[in-house]
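Colleague: Put together the whole structure using the sequences plus the hints.
The letter at position 100 of the sequence shown is residue 115 when you use the numbering used here, and the numbering goes up by one with no holes.
Treat the hints with caution; some may be incorrect.
[Said to hold, decoys possible] If you anchor each label on the Cβ, the simulated ranges turn out as follows:
| no. | residue 1 | residue 2 | range |
| --- | --- | --- | --- |
| 1 | S107 | E145 | 46 to 52 angstroms |
| 2 | T34 | G191 | 39 to 45 angstroms |
| 3 | F35 | Y172 | 35 to 41 angstroms |
| 4 | S53 | S130 | 21 to 27 angstroms |
| 5 | S53 | A167 | 37 to 43 angstroms |
| 6 | D225 | I55 | 40 to 46 angstroms |
| 7 | F38 | G158 | 31 to 37 angstroms |
[What the hints assert, rightly or not] With a straight-line cut-off of 16 angstroms between C-alpha atoms, the simulated EDC-like cross-links for lysine to aspartate or glutamate are:
| no. | residue 1 | residue 2 |
| --- | --- | --- |
| 8 | K194 | E260 |
| 9 | K125 | E165 |
| 10 | K69 | E108 |
| 11 | K151 | D133 |
| 12 | K125 | D164 |
| 13 | K134 | E145 |
| 14 | K125 | E162 |
| 15 | K125 | E148 |
| 16 | K153 | E131 |
| 17 | K151 | D86 |
| 18 | K139 | E150 |
| 19 | K139 | E260 |
| 20 | K134 | E150 |
| 21 | K151 | E260 |
| 22 | K134 | E148 |
In short, the hints are calculated from the structure, not lab data.
All C-beta atoms in this analysis are idealised placements derived from N, C-alpha and C, irrespective of residue type, glycine included.
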Amino acid sequence: MRTTAEKFGSIDGGPPAGTFKDFTDDDWQQSFELQLLSYIRSIREVLSYMQKQKGGRIINIASSSIKQPIDNLILSNTFRNGIAGLAKSLASELATDNILINTIGPGIIKTNRVSEIDKVNAQKARTSTESIELEKLKQIPIGRYGEPDEFAKFLVYLASFANTYVTGQSLLVEGGMVKALLIASKYPYKDENNETFLLDKSSLTERIYDYLRNQIVQNQMAPGTRINYEQLANELNVSRMPLREAVNQLSQGQGHL
Numbered sequence: 016m017r018t019t020a021e022k023f024g025s026i027d028g029g030p031p032a033g034t035f036k037d038f039t040d041d042d043w044q045q046s047f048e049l050q051l052l053s054y055i056r057s058i059r060e061v062l063s064y065m066q067k068q069k070g071g072r073i074i075n076i077a078s079s080s081i082k083q084p085i086d087n088l089i090l091s092n093t094f095r096n097g098i099a100g101l102a103k104s105l106a107s108e109l110a111t112d113n114i115l116i117n118t119i120g121p122g123i124i125k126t127n128r129v130s131e132i133d134k135v136n137a138q139k140a141r142t143s144t145e146s147i148e149l150e151k152l153k154q155i156p157i158g159r160y161g162e163p164d165e166f167a168k169f170l171v172y173l174a175s176f177a178n179t180y181v182t183g184q185s186l187l188v189e190g191g192m193v194k195a196l197l198i199a200s201k202y203p204y205k206d207e208n209n210e211t212f213l214l215d216k217s218s219l220t221e222r223i224y225d226y227l228r229n230q231i232v233q234n235q236m237a238p239g240t241r242i243n244y245e246q247l248a249n250e251l252n253v254s255r256m257p258l259r260e261a262v263n264q265l266s267q268g269q270g271h272l
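Modeller: What follows is the structure, given as structure tokens:
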């Protein structure tokens, strides 16, 4: 931060530099320092420059989980929302110095990291990278991954002095993927009486997991069985995303499949 100020004369914006039972106190502490304290330190470092010049723009880049928690990312969900709370609180404190602060939650942006994650997930699921991408695209109304320059253009406006009135907000750039504010999307599920209920993804994943495990225990599904997700999803009348997560839990945690 000091080097940036010395080189350019000032700092006009400062975007910062990813199951409960699985994590220790050290994990929580490390995650806090990486995903929340680093933002606090960065903001503290730039404030003196911005207050001196009576103006500035701060953008915290977080995740779409600031609006809708992502399953199996409890550490990220916790501290990313801390970032949003920090920005909301600071908006009132900094407004008199014409310093605007916002939090941005990107969805699935087409970066090298996202491509690598898709490849890893495809290998785990024994399917193609294209299949993984197509499954994700079903959740995005626009029907494609976001482009880095689309995300950047939005940040450019918020970081510029053309933005004179937007502060303390948690904003998403995700093609309409997030369907709710703070609650998970609901999935249809038919019970043994053929009655349909709407369940969040974690609850549906748990039910599918129990069903598949019972199939294995009762020898109706042999160990080492290869799963055709589309076929099994149709048989169970469930969405493929929670089905895939249930199968991954069985194969990784229990070694059944």
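Colleague: State for each hint whether it applies.
Modeller: How the hints compare with the structure:
1. S107 to E145: 46 to 52 angstroms: Cβ of S107 to Cβ of E145: about 47 angstroms, so the range 46 to 52 angstroms holds.
2. T34 to G191: 39 to 45 angstroms: 29 angstroms, violated
3. F35 to Y172: 35 to 41 angstroms: Holds: the Cβ-Cβ distance is about 38 angstroms, inside 35 to 41 angstroms.
4. S53 to S130: 21 to 27 angstroms: 25 angstroms, holds
5. S53 to A167: 37 to 43 angstroms: 21 angstroms, violated
6. D225 to I55: 40 to 46 angstroms: 42 angstroms, holds
7. F38 to G158: 31 to 37 angstroms: 36 angstroms, holds
8. K194 to E260: 20 angstroms, violated
9. K125 to E165: Distance ~10 angstroms between K125 and E165 Cα, so the pair holds.
10. K69 to E108: With a Cα-Cα distance of about 13 angstroms, the restraint between K69 and E108 holds, given a limit of 16 angstroms.
11. K151 to D133: 10 angstroms, holds
12. K125 to D164: Answer holds: K125 to D164 is near 10 angstroms, not above 16 angstroms.
13. K134 to E145: 9 angstroms, holds
14. K125 to E162: The given pair, whose Cα atoms are some 5 angstroms apart, holds under the 16 angstroms limit.
15. K125 to E148: 11 angstroms, holds
16. K153 to E131: 20 angstroms, violated
17. K151 to D86: Holds: K151 and D86 sit about 14 angstroms apart, inside 16 angstroms.
18. K139 to E150: The given pair, whose Cα atoms are some 15 angstroms apart, holds under the 16 angstroms limit.
19. K139 to E260: 11 angstroms, holds
20. K134 to E150: 13 angstroms, holds
21. K151 to E260: 13 angstroms, holds
22. K134 to E148: The hint holds at about 10 angstroms.
Taken one by one, the earlier hints fail for this structure at numbers 2, 5, 8, 16, listed in ascending order.
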